[in-house]
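Chains as they are written, first to last, in numbering that gives the first Met the number 0: chain A, 0 to 323; chain B, 0 to 266.
Hint data in this document are derived by calculation from the structure and do not stem from the laboratory. From the three backbone atoms N, C-alpha and C, an ideal C-beta is built for every residue, glycine too. Please note that a few of the clues may not be correct.
[As the list claims (entries may be wrong)] Going by beta-carbon spacing under 7 Å, a handful of chain A positions derived as facing chain B: (1) V17; (2) V19; (3) G22.
[What the hints assert, rightly or not] With a straight-line Cα cutoff of 25 Å, these simulated SDA-like cross-link-like pairs (lysine to any residue) come out: (4) B:K264 / A:L237; (5) B:K40 / A:S162; (6) A:K129 / A:P236; (7) B:K264 / B:K40; (8) A:K129 / B:P3; (9) B:K264 / A:I134; (10) B:K264 / B:S157; (11) A:K129 / A:S213.
[To be verified] The calculated label-pair distances, taken between Cβ atoms and stated as ranges, are: (12) A:L29 / B:A170: 28 to 36 Å; (13) A:D207 / B:E262: 16 to 24 Å; (14) B:S169 / A:S213: 52 to 60 Å; (15) A:R215 / B:S157: 57 to 65 Å; (16) B:L39 / A:W133: 23 to 31 Å.
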Amino acid sequence: MTITSILRLVGWRLLAGVGVLWGAATLTFLVLHFTPGDPAQAIVGGENAAPTPEVIAQVTAEYGLDQPWYLQYLDHLWRIVRGDLGTSYRLHTPVTQAIGEQAAATVELALAAAVIGLALALAVAVATAKRRRWIRGLAAGSELVVASTPTFWLGIVLLTVFSFGLRLFPATGSHGLASLVLPALALALPIAGVLGHVLREALEEVLDEPFIVSARTRGLADLTVRLRHALRHALMPLVTMTGYWVGALLGGAVITETLFTRQGIGRLLISAVNAKDLPVVLGVVLLSAWIYVLVNLVVDLLYLAIDPRLRPVAGVRPVAKGVS
Amino acid sequence: MKRPGVYLAAAVLVLLVLAAVAPHLFTAQDPLAVDSARTLKPPGAGHLLGTDENGRDVFSRIVYGTRTSLLLGFGAIAIALTFGGLLGLAAGLGNRLVENVIMRISDIGLAFPELLLALVVITVAGGGTSNALLAIGVAGIPGYARLVRAQTLTIRGSSYVEAAHALGLSAPRVVFRHVLPNAVKPVLILATIGVGSALVAGSALSFLGLGTPPPEPEWGSMLSTARNFISRAWWYGVFPGAAITLTVISVTVVGRALRLRSEGKSW
């Protein structure tokens, strides 16, 4: 394994990521360009505004709406490269500013849910894989129920029991740790169900491998075998599913923030959808695509760290991961 | 009877389909009948699962909502499967250029979380049941394109397709008689499980106020209103969501059993 071959691999992954980003930016241009209605009208305040022809002409010139489409497309790409996602039709502020103001609350929620979901999945899988029949049955059953429960209903049930029933946590708001508990749980549990299921099945497969038997014959304790030898291998399918759970976290944040009346990008997105505020909608969606690409890039590099078999050997093509 | 759970799940699905087709068989109450004297009544005689803020019967609204909710799940998957399937088939059978163009575009589609992609469609096309169905269907296309392509590639390299070519069968005949039927089955089985998540996504849009509008009964839209009455009427928020969860569990259990059976494993 040489440094250059690793660098080349990383370079290709980066290039593929940039390709997807470019495609995503193009998609947002197509949506903006082909949505029925006059963009100049939308910029000055939507269907109900009655701007003078002069104002329309001014906006048209300012946003380059009278330019041929390919110039508008290049301008669109150039703006995005410079970090300019346009101006909100509704708020009349830059989209990046609108998103920036809401970002912290959503990051807090998503991180809390990711940590809870992953910890639960790991704990249940390590504790129950290859145990007695009824324990495995119980784990599989709970995973199925939790994974099938929609976040918005789980949230309502949690609110019913813990907020209005036992009065342990506040029902709304985004201030302090107490207001984070129920939303993070509602977001985390369905994801934990899916991840736990995948992890447990992988762990059960790994625990049958000869190297596990050999570790056990060396007299290692059961928990040590599970944590130090089996888990490393069982983590692979979980890493493969990163796309799934990043998407689930981002999509779920929209629902969780609405249900718990929390601040955040999800709430911003829903009010933008309702107001047909396309620049904000497309800005949030583009941002989520960037996060997806970035996370996948990190995951691809993590693969190389976790599994030495994937590292390129001089003169040998690296093994492709999964079905591409 | 190896797994009673699978039969139970199948029975629930049969009941759900029956409720979608003929809801009046399950309840005599009108799901839209307002009764201002009996608002937010707890479950009891007369109203099995209680009443909502307009005095409408929650049970009959859940029963009548089955049709719309199932339609969202199955309809969206049908759209995703049809268009994703055609694209995947074209990518799996076409030349490298066709394959690369289709797969790179689906890579871009996959970078967007499905719910967010659906929200873009809603922003452009507007809300409502049929647009929600369309939005979730469109958001699912890249995933199925990828799935069907992988399946097509496996089958294209198989010995029986090679044999069919060697026997001198024409290319379209090989595709439609040998590749397509064998690619469809495993994908259909995976799509069964997909119906569950499409149903959840559909009712999520209704919950966000962008899918089925009130007063038409739909599970997600019921929860959207119930949200405002959690402190006073637990039954209103609990039962419609239980219907969603039960449906998703049943679909998943049946789908998994079908998959295990098609792989020749015991279920």
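message = Between the alpha carbons of K40 of chain B and S162 of chain A, is the straight-line distance 25 Å or under?
response = Given that 25 Å is the threshold and the Cα spacing comes to 21 Å, the pair holds.
query = Straight-line Cα separation of K264 of chain B and K40 of chain B no greater than 25 Å?
reply = 49 Å, violated
task = Determine whether the Cβ-Cβ distance between L39 of chain B and W133 of chain A falls within the hinted range of 23 to 31 Å.
result = At roughly 41 Å between Cβ atoms, W133 of chain A and L39 of chain B fall outside 23 to 31 Å, so the hint is violated.
query = Between K129 of chain A and S213 of chain A, is the straight-line Cα distance small enough, at 25 Å or below?
reply = Satisfied, since the Cα-Cα distance of roughly 17 Å is no more than 25 Å.
Distance restraint between K129 of chain A and P236 of chain A, which requires alpha-carbon spacing of 25 Å or less = Distance ~18 Å between K129 of chain A and P236 of chain A Cα, so the pair holds.
message = Range first: 57 to 65 Å. Now tell me if the beta carbons of R215 of chain A and S157 of chain B are that far apart.
response = 40 Å, violated
ask   = Are the Cα positions of K264 of chain B and L237 of chain A separated by 25 Å at most?
value = Holds. K264 of chain B to L237 of chain A sits at ~24 Å (cutoff 25 Å).
task = Indicate whether the distance between the beta carbons of L29 of chain A and A170 of chain B respects the range 28 to 36 Å.
result = 34 Å, holds
inquiry  = Given the hint of 16 to 24 Å, is the C-beta distance from D207 of chain A to E262 of chain B inside that range or not?
reply    = Given range 16 to 24 Å: holds, Cβ gap about 18 Å.
ask   = Taking the beta carbons of S169 of chain B and S213 of chain A, is their distance inside 52 to 60 Å?
value = 55 Å, holds
ask   = Do the numbers back the hint for G22 of chain A, that is, is its least Cβ distance to chain B under 7 Å?
value = Result: holds, 4 Å to nearest chain B Cβ.
ask   = Is K129 of chain A close enough to P3 of chain B, meaning Cα to Cα at most 25 Å?
value = 22 Å, holds
Of the numbered hints listed earlier, those contradicted by the structure are 1, 7, 15, 16.
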